[in-house]
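Asks: Sequence:
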Amino acid sequence: MTNIDRIEKLAAEQNLPDEDLYALLTSLTEKEEELLYARARAVRERHYDKAVYLRGLIEFSNYCRNDCYYCGIRAAASGVSRYRLSADEILACCNQGYALGFRTFVLQSGEDLTYSCTDICHLVSAIKEAHPDCAVTLSIGEKTREEYEAYFDAGADRYLLREETADPVHYVKLHPPALSGENRKRCLYDLKEIGYQVGAGFMVGSPGQTAENIIADLRFLQSLTPHMIGIGPFIHAGGTPFAHEPDGTLTDTLHLLGILRLLFPRCLLPATTALGTIDPRGREKGILAGANVVMPNLSPRGVRDKYLLYDGKICTGDEAAECRNCMEMRIASTGYQVVVSRGDYCQG
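Taken in order, the sequence shown gives residues 1 to 348; the numbers are from our numbering.
The reader is advised that the hints may include incorrect statements.
[Unchecked claim] Keeping only pairs whose Cα atoms sit at most 27 Å apart, straight-line, the calculated BS3-like set for lysine-lysine is:
no.	residue 1	residue 2
1	Lys185	Lys173
2	Lys31	Lys9
3	Lys185	Lys143
[Stated by the list, open to error] Simulated DEER-style distance windows between Cβ atoms:
no.	residue 1	residue 2	range
4	Ser116	Ser223	29 to 35 Å
5	Thr118	Glu193	38 to 44 Å
6	Pro177	Asp49	25 to 31 Å
7	Glu34	Pro177	29 to 35 Å
8	Gly195	Pro132	14 to 20 Å
9	Gly238	Asp49	40 to 46 Å
10	Ser116	Asp305	26 to 32 Å
11	Gly239	Ala178	18 to 24 Å
12	Lys50	Ala243	18 to 24 Å
Keep in mind that the hints were calculated from the coordinates and are not lab data. Since the model is a prediction, treat every value here as computed from it, not as a measurement. Each residue gets a CB set at the ideal place from its N, CA and C atoms; glycine is no exception.
Model the full assembly from the supplied sequences, consistent with the hints where possible.
Replies: Here is the structure:
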């Protein structure tokens with residue numbers, strides 16, 4: 001079977017054996033790449049037309065109890081200017097975002113235990129009361145099932161929790177012994193059972209990653225069947241154990257976006273900020289490879305340069321309106337269009 005045959009089969013059947021996935025991951029020519037992206041665009045347009053959905057990202061705390069080896073805000077990181085936003089400051093970001101046309105707010109932080117379960121529930125309820133036509137997404141790490149249930153009952157609609165790698169051997173290369181890949185997966189299955197729209201995903205080109213690791217990631221995602229899949233290139237962060245490791249590549253990330261779109265035709269697939277960090281038009285290229293979500297930053301300008309998971313992060317000095325307007329123009333240049341919508345998962 002040629003790579004062209006593999007692409008066509010994946011587009012038609014959402015299934016390939018491991019050896020054929022391996023070939024798509026490792027041996028595409030430029031012509032085959034273009035076919036992959038064309039098929040990915042056709043699949044996403046069948047379910048989402050030309051729409052691209054905005055998520056207003058609010059990075060509300062850069063404190064974290066964990067020491068993941070790749071992360072610029074890990075607990076042991078020195079030189080990080082730590083901050084926390086108050087509930088009023090977070091609500092102000094949502095209010096500004098609503099006026100700018102955002103209908104989903106993503107509340108993201110390190111695993112900061114200062115915010116209790118009750119605090120998060122009150123915050124979610126306040127946002128939903130102020131903006132009942134909006135979705136609230138949480139991205140605040142590993143919690144108990146009871147905490148996830150409480151957030152959901154308070155009105156949270158979605159939860160993002162990237163597994164980062166599904167391979168247990170690779171997982172221990174990226175994380176300290178206190179963390180468990182199996183617990184990460186437990187959290188994702190709990191979230192799915194509770195009723196969230198669930199987002200999972202992994203880094204591309206993380207230290208020690210092999211094509212076999214990526215195939216394991218794809219198989220895990222097929223088992224989980226998440227509503228959202230977030231991938232982005234590994235980018236080194238100074239002051240971490242991986243500070244001198246090579247970054248992931250644009251080409252590998254775009255390949256995987258195309259493959260994910262064919263494997264998961266209805267998924268919500270972001271073109272990430274990390275993609276825009278490694279290439280000035282990375283997010284636009286991500287849209288043209290099958291992505292349909294972008295996440296402009298709604299965080300207050302004064303804290304944006306403090307939430308640095310990796311070096312060189314873009315848009316840290318922009319105002320929220322600048323980010324939103326810039327993104328709309330960038331998306332228009334690809335032939336797609338930003339829509340004012342919650343942008344929920346397409347059920348069929």
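Asks: Is 26 to 32 Å right for how far apart the beta carbons of Ser116 and Asp305 are?
Replies: 28 Å, holds
Asks: At the C-beta level, are Gly195 and Pro132 separated by a distance inside 14 to 20 Å?
Replies: 18 Å, holds
Asks: So if I understand the rule, the pair passes when the alpha-carbon distance is 27 Å or less; does Lys185 with Lys173 pass?
Replies: It holds: about 17 Å lies between the C-alpha atoms, which stays within 27 Å.
Asks: For the hint 29 to 35 Å, verify it against the beta carbon of Glu34 and that of Pro177.
Replies: Given a distance of about 44 Å, which is not inside 29 to 35 Å, the answer is violated.
Asks: For a C-alpha distance cap of 27 Å, please report whether Lys185 and Lys143 respect it.
Replies: 12 Å, holds
Asks: Can you tell me whether the CB distance of Lys50 to Ala243 sits inside 18 to 24 Å?
Replies: The hinted range 18 to 24 Å is violated for Lys50 and Ala243, with Cβ atoms some 40 Å apart.
Asks: For Pro177 and Asp49, compare the CB-CB distance with the range 25 to 31 Å and indicate the outcome.
Replies: 47 Å Cβ-Cβ, so the 25 to 31 Å window is violated.
Asks: Return holds or violated for the Cβ distance of Gly238 and Asp49 against the range 40 to 46 Å.
Replies: Between Gly238 and Asp49, where Cβ atoms are some 42 Å apart, the hint holds.
Asks: May I ask you to test the hint 18 to 24 Å on the CB atoms belonging to Gly239 and Ala178?
Replies: Once the Cβ atoms are compared, 19 Å apart, the range 18 to 24 Å for Ala178 and Gly239 holds.
Asks: Compare the distance between the alpha carbons of Lys31 and Lys9 with 27 Å, and conclude whether the hinted pair is satisfied.
Replies: 17 Å, holds
Asks: Please test the hint of 38 to 44 Å on the beta carbon pair from Thr118 and Glu193.
Replies: Check failed, 23 Å falls outside 38 to 44 Å.
Asks: Is the hinted range of 29 to 35 Å satisfied by the C-beta distance from Ser116 to Ser223?
Replies: With a Cβ separation near 33 Å, Ser116 and Ser223 satisfy 29 to 35 Å, so the hint holds.
Violated hints, listed in ascending order, are 5, 6, 7, 12; each of the other numbered hints is respected by the structure.
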